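Chains as they are written, first to last, in the working numbering: chain A, 1 to 292; chain B, 1 to 337.
Everything labelled a hint here was simulated from the structure, so no lab data went into it.
All values reported here derive from a predicted model rather than from experimental measurement.
Worth double-checking, as some hints may not be accurate.
[Said to hold, decoys possible] Okay, the calculated bits of chain B under chain A, using three or more residues with CB under 8 angstroms as the criterion:
(1) 102–109
(2) 134–145
(3) 304–315
Glycine is no exception: its CB is placed at the ideal position from the N, C-alpha and C atoms.
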Amino acid sequence: MSELIAYLIVGIATGSIYALAAIGFTLVWQTSQTINFAQGEFVMLPAILVLLAVKLLGVPIPVALLLGAVAFVLLFGVGFKRFVVDPMLPHGVLPLAIATMALAIIMKEGAKDGFSAEAQSFPSPFPSDAIQILGTAISLQFVMTIVVAFATIAALQWFVTRTRTGRQMQASAQNPTVARILGIPVERMVMLTFVINAALAALASFLISPIYLAKFSNGETIGLFAFIAAIVGGFNQVRGALLGGILVGIFDSLAAAYVSTSYRLAVPLALLVVIILVKPEGLLGRKEERHV
Amino acid sequence: MNARTDFAAVGQGAPRRALSRIDPALVSIVLAAAILWFAPVGMGRYGTYVLTLWLVMAIAVMGLNLTLGVAGLKSLAQAAFMGIGAYTVGILTAKAGMSWYPAFAIATLATFAMGIVVGFPALRVRAHYLAFVTLAFTSLVWLVLRNEEWLTGGTFGLSNIPRPTLFGARLDDALSFHRFVVVVTMILTLAIWWLLRSPWGRAFLALRENPVRAASLGVDVRAYTLLAFAIGSAYGGMAGALYAPLVEFIDPSPFAISASFFLLLMVVAGGSGYLFGPFVGALLGVVLPEWLRFTGGLYLIIFAAIVLLLLIACPKGVLGLAEMLWARAARLVRRTP
């Protein structure tokens, strides 16, 4: 029993990190129809940048975290939107999706050649002391990960639904033409979603790298889980991505413990197929209407 | 079905006009095959191997080009289908002692059937779901290839895969196997060429351009998308079935997700939707690394960066770019008397 609780909490912790990546993914998808196949690499890279800053500049960890996050948001939030998405959008959704695959290869190989092909340990921002939850010893690291991820998602949800800018952002996503007529700076709002996406990816990176180490190939699994989370939860909802992420995390954690470690990846994949067959709009998703 | 009646009329056309009706694409295919038949002379073993690899990859890219460039479906499973084809042939020939031909047929049918099984749930819903379902499928196939050691040899792979024989003659040396692949590639290219001109091909194009309109004209959208995907997958399987005897040793690594990304980039780099796009794309993806050898491991980055720049400048790939430049040059020539 206590073992089960431990696996559940680990699952929720990693799941809430996948949820961060999935939320960024759906935000960008909603406002600019960009299917970002590099989302996994977006989560892989910030940690590598931080380690690179420590190695090259010799700065302490907190400064490196800040530097890494800022550099990443500038490069892959603003830069990605400005130099990859903007020139490609007129060509349609398909070339853009493929361009993100090219970007994924560049990021992955760049991390491998520019930094290291080996997994590197990444300092945890939280102490690893164990605390007692329901009679089970749980590392504080997992608990704090859950707290930070949930707080971020709650703040984001508040921003999107309760603030003026957030609602302008939603309007830009739902109907850019009308939003523009109403005087909403749609372009700036779209840029904002790319910045938020990059920031969420950086946070996810800093939370997951202490658990799974920082490695150039991490993006494949993280990206896959973020996509699954987005689809399982429903492509057009922040809440959906959160639920999807946590489900994927729990499935993955339980599969690793009770099914087999070599096939743990297969269980979330099965979840994806079941959802697509049974409830293709996702657990919390709205049905999309078809435009003729 | 207008297209069908048109083509019936072509068939009944006067024989003396047949010469002017010969398709330039058809001539190019046969001519290219003839050149490739003799191309490796003096290239040595390794040069011939690279040339053959180019053709094998071109077959896989050709299948993906049908799925993506013609029917407009993003599939991330082409590497997995290649892997299934390669392992089917590898296991049946090296382990069970079967001849290459029935093994090739089984690999083709198996990947075609799997294309239908994988494509069905995704295409039931929405076309862009196919990308995620195929992504999941590729991971699953890779897991099976890596974990089922009793069947696939796991990470150690399968070795000593025999090359096919032809009328009793063994095709063991690089040159004769290359010529064998040239003939197979020519047949498969002709098949695609024929398919694209057939009413089926027209229906695929209609699906990409405007699915709703295609449906209203009586095209069974679901059946045709599924068919395009399954045929494209079978091409992946056939490419794998040639890849296994070419390299004579297979392990799971060339069939992972990143290989599927890479294949898609080759489609786009060559020019998606063009008949010869896959050959240009595979040339960039297979032969370019040979030229970029001096850069060490950086060739993947350079290739991806080239594709990215190409997509930004001209999303229709190298052939689209050539077409654009050609049109511009023709206009210039016409303007200057």
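Numbered hints the structure breaks, given as an ascending list: 1
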